[in-house]
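Trainee: Residue strings, one per chain:
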Amino acid sequence: MKTRVIHWFKFASPQNFYGLAGRMWPWFAALAGVLALVGLWISFFVAPTDAQQGEGYRIIFVHVPASQMSMFIYLVMAGWAGFGLAFNTRLSGMMASALAPTGALFAFLSLVTGALWGKPMWGAWWVWDARLTSELILLFLYLGFLALQASIDDPRRADKACAVLALVGVVNVPIIYFSVKWWNTLHQGASVSLTRAPSMATTMLWGMLIMVVAFWMYAIAVALVRVRNIILERERHTEWVKHALE
Amino acid sequence: MRAAGWPSVFMAVVRREVAVGMKQKSEVLTPLFFFVIVASLFPLGVGPESALLLRMAPGVLWVGALLAAMLSLQRLFATDYADGSLEQFALSPAPLTLLVLAKVFAHFLLSGLPLVLIAPVLGLQFGLDARALGVLTLSLLLGTPTLSLIGGIGAALTLGVRGAGVLLSLLILPLYIPVLIFGAGAVEADAAGMGAGGHLSLLAALLMLSAFFAPLATTTALRISLE
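Which chain is which? The protein sequence lines are A and B, in order.
Residues 414 to 659 in the numbering used here are what the first sequence lists, from first letter to last.
Residues 8 to 234 in the numbering used here are what the second sequence lists, from first letter to last.
The following block holds chain B by itself, in its conformation from the complex (with noise of 0.2 Å):
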């Protein structure tokens, strides 16, 4: 018997998956408040002066962003974990990477894309022109999905651990730190004159770069959670 080509079992997952969390509605808006009710704190926390909120903005909003993209995390491989169907994906002919791969790609388009899109509406809030939302949503876009690869070795890492949750972001924040440098770091960098290139090119590096090696390593954590 042939197997399933490898396109159509990535796109199967993926549909799988995003099906799955339309249902349940609750997990993809979720993160979303919580990013919206992050993003609402600062200025009540801070004070209204719209100097001080529109030179935060972008570190709020990307720590905002980062938080909320790692709320969902966890349920990643858990319930596939706790029904078993990781297993027959393990023993199954298609690649666990393949899984893997498509697993995030999911993660990324019911976690990530959503914040992505509502960026630019709180960056409104906090004063954010034109031209810095523009920057700001293309920096999410090319850092959201590196968050997602990133977390899910995290996620593979903490399956059916005691206190899952709060170790995955003990884990996972310490890693995210350059994606958080370099996206914040490309709307002030054009604020300040100097261009989003640099920091947009070295977003788009660490998105290639993680691409290819987190996969690997979450399928590796993957194999010694189930064994």
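The shape of chain A in the complex, shown without the other chains (with noise of 0.2 Å):
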């Protein structure tokens, strides 16, 4: 019997990755395009207006998907951390550290926007809700992401020291999670609750979905395109950077 061979690690060089990921960024970029417009023009033309909050709760178009990837984008950043730790390929961590500011960029926006949403609706900038602060101390773990590949500078170094962060930082998350929530419990009363969703009109519902697809798609062609940056810097000593370049 004849089995195909897939060389799945083909692509674990960072030359061979150079080109896919050169093929691939456009698209994806393209994609985060076009479903960028489209979900906001659902958000800002079709939604209805919200019964209880207005106009104001349409930043929940931008909100949502952004919290949700700067939680995502850092189990993928420790995915491909540990990976790389296990399999000692330099791709991956050059892929974890392209990763990493968008989803402190992510974070960042989250909090922004949860901030300007919080004002009209709580009348304050801030909350000490459990959500919003395991946000905050998800934007500081992704700080000292960065910081630590910032101060080293043999790059290899950097990769599996920052991989050895991610990883813990990725066992502490839901620990950090669960204390700020009881934390949460028992220093205030129920004054404001974000964990009972609303009930959406399906329309917003495809708004969201819509904008979330296509914050997905611009964190993988914005990290494709930042690694594929990486790979140019740490390979230029060798040739066919020299020939790519040309």
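For the record, the hints were derived by calculation from the structure and aren't laboratory data.
It should be emphasised that the depicted structure is a prediction, and the values quoted were computed from it without experimental measurement.
C-beta: ideal position from N, C-alpha, C; glycine also.
Hints should not be assumed to be uniformly reliable.
SDA-like mimics (lysine to any residue), calculated; alpha carbons at most 20 Å apart, straight line [to be verified]:
1. A:K594 with B:A199
2. A:K594 with B:G205
3. A:K423 with A:E652
4. A:K594 with B:M201
5. A:K594 with B:S208
6. A:K594 with B:A211
7. A:K594 with B:I184
Simulated coverage check for chain A against chain B, where a stretch passes if three residues somewhere in it have a Cβ under 8 Å from a Cβ of chain B [said to hold, decoys possible]:
8. 557-565
9. 576-587
Once you've looked at the hints, go ahead and assemble the two chains, each given alone in its own frame, into the complex.
Mentor: Okay, structure coming up:
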């Protein structure tokens, strides 16, 4: 019987992946652009005004995808980091460091949109709610990752050290989340409840879903472009980079 | 040649660390005074109303202890790294994790335990009663070893790195948050009449978890730094 061998590790070589990423990212970028346009159109013009929150709720179409992506990217980053530690592949570390700035950006965006949403809805820019606090801590974890990456000169060592940090972080994320949640219930009464999901109109749901996919595409496209730059920077002494840049 | 038994290696490293620490008394005393000063700054900052201070005491003392325990972390592996004895230990037949455990334990003895002992005195200044002082001391006793264990990961990761001190705090402080929450929460829960048992159990659980996982992560980080 003939078994088909797929060379998964072919693209583990930065040189091969550079080309693959170069062919892929324009598609993701285009999808991100188109979906964001459709999603924003739905969220601004099609989705009905919310009965309780008026027009202000529309920031949800950016806020929810941003916070989802900020959490998910941390998981993916830790996944790449663990992969890199286990198989000692250079590309994994590069992927992790390419994802980190985007994740930090989404965490920041989620906090800012949350604050902008919170002011008209609860009358406060910031509430020490469990979700807000853990999102803030997630931003701190991203910043720690980026700071460690920036302060180690040897890129291989930086990748490995950051991989350990990302894995430690990912183990801690649920612990932090639950501790903040219990802290929150101990301290404040039910002044603001974010957990009660409001029943959404179908168009709102569609707008949100399309925006989520758009954010996904954007994150993938940006990570691919960034990983291409990282590859070029780290492999600049090699022949193929000289040819690739000609 | 048979390698020395693990318990004796562990004890030898702990004894050495404590002896070195006792020789350089400033390393033990500086974090302690830092803790005292930070705790004294808060009443000066927020005013001397005893009700407010009583309300803030657990949080202030815990944050102070957390920062003080972090002060000495940077030197956990740095001197051994600089003079090459860390490399020697990595090459020796005893596992590196054993060294990590011993050094972390010594760090707790030298910087965590003094904080635990002085905390009740500071608690008195904030007007905590005997029961609250007991809970505070117990929570610190359960929490500070966890701080040393988690801090070891950061110390190993930032070994020989530019600006290691500030970087260490950026890496480690977010990971300290659960310990802070349950530590300060234990005193508050007790004051609120809910009993501190739950919080103390969770602190003990965090200690168990970190005692198992943190030395592994620290060892990996040390090996990366030694490459």
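Trainee: For a quick check of understanding: which of the numbered hints are violated here, in increasing order?
Mentor: none
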